[in-house]
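Trainee: Note that the protein sequences, when read in sequence, are chains A and B. Quick note on numbering that gives the first Met the number 0: the first sequence kicks off at 0 and runs consecutively. Quick note on numbering that gives the first Met the number 0: the second sequence kicks off at 0 and runs consecutively.
Accuracy of the hints is not assured; some may be wrong.
[As the list claims (entries may be wrong)] Calculated pairs, DMTMM-like style, for lysine to aspartate or glutamate (alpha carbon to alpha carbon, straight line, at most 25 Å):
#1 B/351 / A/140
#2 B/6 / A/87
#3 B/351 / A/87
#4 B/350 / A/175
#5 B/351 / A/238
#6 A/22 / A/238
#7 B/14 / A/238
#8 B/14 / A/77
#9 B/285 / A/136
#10 B/6 / A/71
#11 B/351 / A/91
#12 B/10 / A/136
#13 B/285 / B/295
#14 B/14 / A/152
#15 B/10 / A/87
#16 B/6 / A/136
#17 B/6 / A/140
#18 B/351 / A/237
#19 B/350 / A/157
#20 B/14 / A/87
#21 B/350 / A/238
#22 B/350 / A/133
#23 B/10 / A/140
#24 B/14 / A/136
#25 B/10 / A/157
#26 B/6 / A/133
#27 A/137 / B/295
Please keep in mind that the hints were generated in silico from the structure rather than gathered at the bench. Computed from a prediction, not measured in an experiment: that's the story for all the values here.
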Amino acid sequence: MIMQKSQKIAGFKENMTILKMEKLCKNYYLGSVELRVLREINLTITSGEYVAIMGPSGSGKSTLLNMIGCLDRPTSGDYQLGGQSVSELNDDQLSMIRGTRIGFIFQSFNLISQLNVIENIQVPMYYQGFTEHESAEKALELAEMVGLGHRVEHRPSELSGGQQQRVAIARALANDPLIILADEPTGNLDSTSGSEILDILNRLHEQGKTLIAVTHDEGIAAGAERVIRLFDGCIDKEEYNKR
Amino acid sequence: MFLFRLKRILKLGIKSLWMHRLRSTLTALGIIFGVSSVIAMLAIGEGASRDAQAKIAQLGSQNIIIKTAKPTEDQSALGQQQTLTEYGLTYADADRFRDAIPDVQVIVPNRRFPHQAQYRTRRVKVEVIGTVPWYPEISNVQVKLGRFLGDIDMQYKEGICVVDEKLVNDLFAFDDPIGQSLKIASDYYRVVGVSTEKTSTTTSSNTEEKDATGATKAGANLGGIYIPLTTVKNRFGETTMQMSNSSGRTLERIELQEIIVKVFDIDQVLDTRKSVETLLKRYHKKTDYEIVVPLELMRQAKDFQRIFTIVLGSIAAISLLVGGIGIMNIMLATVSERTREIGIRRALGAKKRDIIFQFLSETLILTLFGGILGIVLGSLIPYLVTYYGSMPTVITGSSLTLAFGISAAVGIIFGLYPAYRAANMDPIESLRHE
Ligand SMILES: Nc1ncnc2c1ncn2[C@@H]1O[C@H](COP(=O)(O)OP(=O)(O)O)[C@@H](O)[C@H]1O
Ligand SMILES: [Mg+2]
């Protein structure tokens, strides 16, 4: 299965390129008005990297992240993920990639309200054909990993924001993705919960996960290896943090 | 794998529906009523049809019933202030049928008229049936106690009678009727037998058929008393005299109220009917008779039943359609309400068809749930109709399968569009949705 293959890629070949964008553009059309949200983005990310994307509001950070996560298709340019050109893929194949190679973490958590913690973590595995037993076992493991082993029966509405975001992280890890994408993961959280989330992200990075986080939070940016600054749809600056 | 997915989808669907219990129930009501009305209407239709068929079958499919009917009065006759009209079937007609028609097995001439009967101090209105000993051959009347009229009774114009079970109930209560005497007009008749309830020569379910004479119409719900035809002739006269219903002045004179011709084989019924009609036309100036052919009635009843079923079925189908539209409406609302959930699922790897199955299964669960409740309710209604409305109903297996099939079809048809809408929403747009 693809999942296992991607694990191998992520695990054994350190420092290989997993993501490459060339002259990637994204336009939106509002009536006859053309809105150039991303302009000729060139970006290469190697496995195990921790990248922060920063920039003013409306500069195209979320759009770029959605593009990386295969939620959206570029208007022009090339995007290769794990050696595969995304623009050639059909809707089902994109779903497959999102389900197996990408883990999403959103600003507003985006848990499914009628499902409890375990069931929320199970959702991505469900679409990859795990049995109930397998997925429940793994979901419990992940819940424990993010420190919510005692809350597995709770509904999202019964959890604090920080706890909800931890469930979302567990869910993002469910299918052992190639890349974890986080769009302002601490944006809706107070500083205490926010730093808890940062700790978890840092830990994931230490375990060798590839992380891309959109953020306004200089704390996240400081923890990242590379900071990409977007301005008006262009990469304005790229900095490497010294360790 | 497939079963696991199915189980998972069903579980999810039930969970979502359960979250909106009231809404789901109200939505399912449309299907519940639709399905139950299909079943109830078909059951009532089927019951009425079988009832009509049974009543007609009682008249005998090999029989041709010729009844006296009052001719439509022409204006000149009204003006003349007639005091006596003579019309109807005659003994001569019966003789002619016997002599001229080849396939006749039996001919039964009957006199039928209502009269007062008295036993001890009790009096009830009865229908007097002056008939012949072979009457049971053309009807399904059976002798329960004692015997039917005999040839000797005919020959000697005996003052005896056979009463039917209804009359036994009306008149004798707890006395054993056999051997008792009852009084009609000024004469006494000894009861020699008890028969099953007489069959009415009218079929209530058929609209085209009118009652032939006032006598039979009045006699429809009365207890029956069979007296030898010869005795009736002897004691009541050769003809029945009665006041006309329309103007009290006019006296009517009728020889025979009814002649029943039975042929050997069902195939001979229609030809014989033609011969009967030809004979009657030749000897009767006015159309003072009516020919009833149970076989034809049976066919008409079947045609009528078919139309009835189509009409009822269409009404029920429309109500199901309305129910289906209600479901679609709710599912569209559900889809737009859960736009964000759809976006999340798509981001987490759900394919379009996963989303389609999710929402389609919700609709299906809703309609099948409605279908099952509808079947329960639909089976209960005919039962109540029979119990309280004393109308026959028959629930057929095919109507149950039909109703269930329709509800499943409604689920799929009206669920597809909302599910399709859900699956084709843009993931990013859905994720932004508040
Ligand atoms: N679906 C869309 N249609 C039109 N404009 C859009 C759409 N999505 C994003 N935009 C526009 O693209 C720009 C970048 O949006 P976004 O990537 O969300 O910015 P950021 O996340 O950096 O704040 C904004 O000006 C936004 O209005
Ligand atoms: Mg944003």
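Trainee: Work down the list of hints and note, for each, if the structure agrees.
Mentor: Hints, one by one, checked against the model:
no.: 1; hint: B/351 / A/140; verdict: violated (29 Å)
no.: 2; hint: B/6 / A/87; verdict: violated (34 Å)
no.: 3; hint: B/351 / A/87; verdict: holds (18 Å)
no.: 4; hint: B/350 / A/175; verdict: holds (19 Å)
no.: 5; hint: B/351 / A/238; verdict: violated (39 Å)
no.: 6; hint: A/22 / A/238; verdict: holds (20 Å)
no.: 7; hint: B/14 / A/238; verdict: violated (49 Å)
no.: 8; hint: B/14 / A/77; verdict: violated (42 Å)
no.: 9; hint: B/285 / A/136; verdict: violated (96 Å)
no.: 10; hint: B/6 / A/71; verdict: violated (32 Å)
no.: 11; hint: B/351 / A/91; verdict: holds (7 Å)
no.: 12; hint: B/10 / A/136; verdict: holds (19 Å)
no.: 13; hint: B/285 / B/295; verdict: holds (24 Å)
no.: 14; hint: B/14 / A/152; verdict: holds (15 Å)
no.: 15; hint: B/10 / A/87; verdict: violated (36 Å)
no.: 16; hint: B/6 / A/136; verdict: holds (18 Å)
no.: 17; hint: B/6 / A/140; verdict: holds (24 Å)
no.: 18; hint: B/351 / A/237; verdict: violated (37 Å)
no.: 19; hint: B/350 / A/157; verdict: violated (29 Å)
no.: 20; hint: B/14 / A/87; verdict: violated (37 Å)
no.: 21; hint: B/350 / A/238; verdict: violated (37 Å)
no.: 22; hint: B/350 / A/133; verdict: holds (21 Å)
no.: 23; hint: B/10 / A/140; verdict: holds (23 Å)
no.: 24; hint: B/14 / A/136; verdict: holds (21 Å)
no.: 25; hint: B/10 / A/157; verdict: holds (22 Å)
no.: 26; hint: B/6 / A/133; verdict: holds (15 Å)
no.: 27; hint: A/137 / B/295; verdict: violated (76 Å)
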